[in-house]
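Protein chains: 2
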Amino acid sequence: MRTAFYISDGTAITSEVFGHALLSLFPIEFEHITIPFVETEQHALEVISQIKSSFEASGDRPLVFYTMVNVEIGKIISNSPGINYDFLNQFVAPLEKVIGVPSKPEKHRTHSIHEKTYDIRIEAVNYALANDDGSNLKDYQEADIILVGVSRSGKTPTSLYLALQFGIKAANYPFTEEDMGDILKLPPVLRRFKDKLYGLTISADRLHAIRSERRANSRYASMPQCRMELREVENLYRKEKIPFINSTKFSVEEISAKILANTGLKRKKY
Amino acid sequence: MRTAFYISDGTAITSEVFGHALLSLFPIEFEHITIPFVETEQHALEVISQIKSSFEASGDRPLVFYTMVNVEIGKIISNSPGINYDFLNQFVAPLEKVIGVPSKPEKHRTHSIHEKTYDIRIEAVNYALANDDGSNLKDYQEADIILVGVSRSGKTPTSLYLALQFGIKAANYPFTEEDMGDILKLPPVLRRFKDKLYGLTISADRLHAIRSERRANSRYASMPQCRMELREVENLYRKEKIPFINSTKFSVEEISAKILANTGLKRKKY
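For the record, the sequence lines run as chains A and B.
One point on numbering: in numbering that gives the first Met the number 0, the residue at position 11 of the first sequence is 10, and numbering is uninterrupted.
One point on numbering: in numbering that gives the first Met the number 0, the residue at position 250 of the second sequence is 249, and numbering is uninterrupted.
Bound conformation, chain A alone (with noise of 0.2 angstroms):
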């Protein structure tokens, strides 16, 4: 199998995500290998040994996605025996050219603490776990977005990637049979809040599955009462004119993505 790297003197994220998108346009496995934090020339020639054994080992030049702001150790890289990919720098020069502004690289500009909106988004992440899964109906004017649904059809993880990646309070609410009594009404502490409110649904397959995981053969997870909830919260949806997606096809990543372009919820990050 053929190896990709994945090298830089920050976290590496973006010869991850550049690299791996890069490799899934084609039919076949390789074996990934992130080195961040490539900060010294010693270290720089360590990994330089790394991929020359990987190269020996496996009879493939290695793929090797780099991005390094020291401009020395990034000479060292990119006499790797791999296949080098300083997949950024190649599109600064006529970048500089369009804009009109030289560049400026900076080590740990992108995914650090000195972003200015880290603090927003760990305050989110707090904010999101102190309002998950209706734990707290006080802090509802704070929120940014209400995530409402039934239990497990995918509130919780949505609301922490939305906090965690762009700073974004999202609560969430579930509804349960105690809400529904004979009709599903939007309870009280919503509807003050209606315009933040966003629904999920799933189909009763994918919800059946997931709740059986949790409790096998209970009467929470049973076909019936997957249904009953779920055409519950859909006809509420439905009549309260609250927005909703189906997230049984979708990741949280594309949740969210859907949830940002549906709503123009502006995030606190980029």
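Worth flagging that the hints you see were computed from the coordinates, not collected in a lab.
Just so it is clear, the structure is predicted and the values come from calculations on it, not from any experiment.
You may find that some hints are simply not true.
[As the list claims (entries may be wrong)] With a straight-line Cα cutoff of 20 angstroms, these simulated SDA-like cross-link-like pairs (lysine to any residue) come out:
1. B/115 <-> A/25
2. A/257 <-> B/39
3. B/195 <-> B/108
4. B/96 <-> A/54
5. B/51 <-> B/80
6. B/137 <-> B/125
7. A/268 <-> A/105
8. B/184 <-> B/265
9. A/74 <-> A/90
10. B/96 <-> A/59
11. B/115 <-> A/105
12. B/115 <-> A/113
13. A/195 <-> A/240
14. A/248 <-> B/121
15. A/265 <-> B/29
16. A/103 <-> B/25
17. B/193 <-> B/103
18. A/248 <-> B/117
19. B/115 <-> A/27
20. B/268 <-> A/140
21. A/248 <-> A/210
22. B/103 <-> A/28
23. B/96 <-> A/240
24. B/257 <-> A/113
25. B/265 <-> A/115
26. B/195 <-> B/125
27. A/115 <-> B/29
Could you slot chain B onto chain A? The hints should help.
What follows is chain B alone, placed relative to chain A:
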């Protein structure tokens, strides 16, 4: 201000990460606009109008970072009046030559629920939540790693990041005054899993600031208390040879990358 567009028929996460990393090399501000899930020609034409309006309003040609699996839609975007970066595609043909396999682009290959590790990530998030802040001491045998440290030293956001991004099951345990007594000893529940422990520490100034936002003027937030607790945990880490990291100047992304690099812990997802 010049505008940067991030456009895709998927989440546009790859475009955002690439474009943001490139623009962060320049000492100027940009306006950022993400447009995900551009899956029809009609939508693509609307995007072109939006790019055109932005150009006319600002007088500066927008920067357009895009990835498109659908060739026809890609062509439409490639004719936008902005400066268009089809930044992945230009690497594809040379890479095909290198690896001797034709590319086979398919939609939603990255950041999708169809990634085989998706369920593992969601399970890891649920694990991190259930094992947050010492709330559950009986499932540590399932943990890939157990983060330890004083209250507010960064354990929870790091656990969640490790889970969401990498599918790593991270529990976290806060050392409290109850654990400290005269001197902090390793609680028996942790000693059984000593190989999984990873310590966090933080500067007393920063801990004092974070705790003061939570409980101003409390003993909990006071400098002497912060100093005492940090001295105890750092002594414990050294005595018990628990690897640890000072989180003061690092983001969750950086802390997580360093933990993976230092422990050799295998991520479940790339």
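field: Pair hint outcome, residue 248 of chain A versus residue 210 of chain A [Cα-Cα no greater than 20 angstroms]
entry: Holds: residue 248 of chain A and residue 210 of chain A sit about 17 angstroms apart, inside 20 angstroms.
- prompt: Is the straight-line distance between the alpha-carbon of residue 268 of chain B and that of residue 140 of chain A 20 angstroms or less?
  reply: violated (36 angstroms)
message: Check the hint pairing residue 248 of chain A with residue 117 of chain B against an upper bound of 20 angstroms on the C-alpha distance.
response: holds (11 angstroms)
message: Check whether the Cα positions of residue 184 of chain B and residue 265 of chain B lie no farther apart than 20 angstroms.
response: Given that 20 angstroms is the threshold and the Cα spacing comes to 29 angstroms, the pair is violated.
- request: Decide if the proposed pair is consistent with the structure: residue 115 of chain B and residue 25 of chain A, CA atoms, cutoff 20 angstroms inclusive.
  value: Holds: residue 115 of chain B and residue 25 of chain A sit about 16 angstroms apart, inside 20 angstroms.
message: Given the hinted pair residue 268 of chain A and residue 105 of chain A, is their Cα-Cα distance within 20 angstroms?
response: holds (19 angstroms)
- prompt: Holds or violated: are the alpha carbons of residue 195 of chain B and residue 108 of chain B at most 20 angstroms from each other?
  reply: violated (33 angstroms)
field: Pair hint residue 195 of chain A and residue 240 of chain A, alpha-carbon separation not exceeding 20 angstroms
entry: Roughly 12 angstroms separates the two Cα atoms, so the pair holds.
- prompt: Has the given pair, residue 257 of chain B with residue 113 of chain A, been kept, meaning a C-alpha gap of at most 20 angstroms?
  reply: Holds. Residue 257 of chain B to residue 113 of chain A sits at ~17 angstroms (cutoff 20 angstroms).
task: Take the C-alpha atoms of residue 248 of chain A and residue 121 of chain B, compute the straight-line distance between them, and say whether it is at most 20 angstroms.
output: Roughly 14 angstroms between the alpha carbons, so the hint for residue 248 of chain A and residue 121 of chain B holds.
- request: With a cut-off of 20 angstroms on the C-alpha distance, tell me whether residue 193 of chain B and residue 103 of chain B pass.
  value: violated (46 angstroms)
query: Has the given pair, residue 265 of chain B with residue 115 of chain A, been kept, meaning a C-alpha gap of at most 20 angstroms?
result: Violated, at about 31 angstroms.
Consistency with the previously given hints fails for numbers 3, 8, 11, 12, 17, 20, 23 and 25, ordered from lowest to highest.
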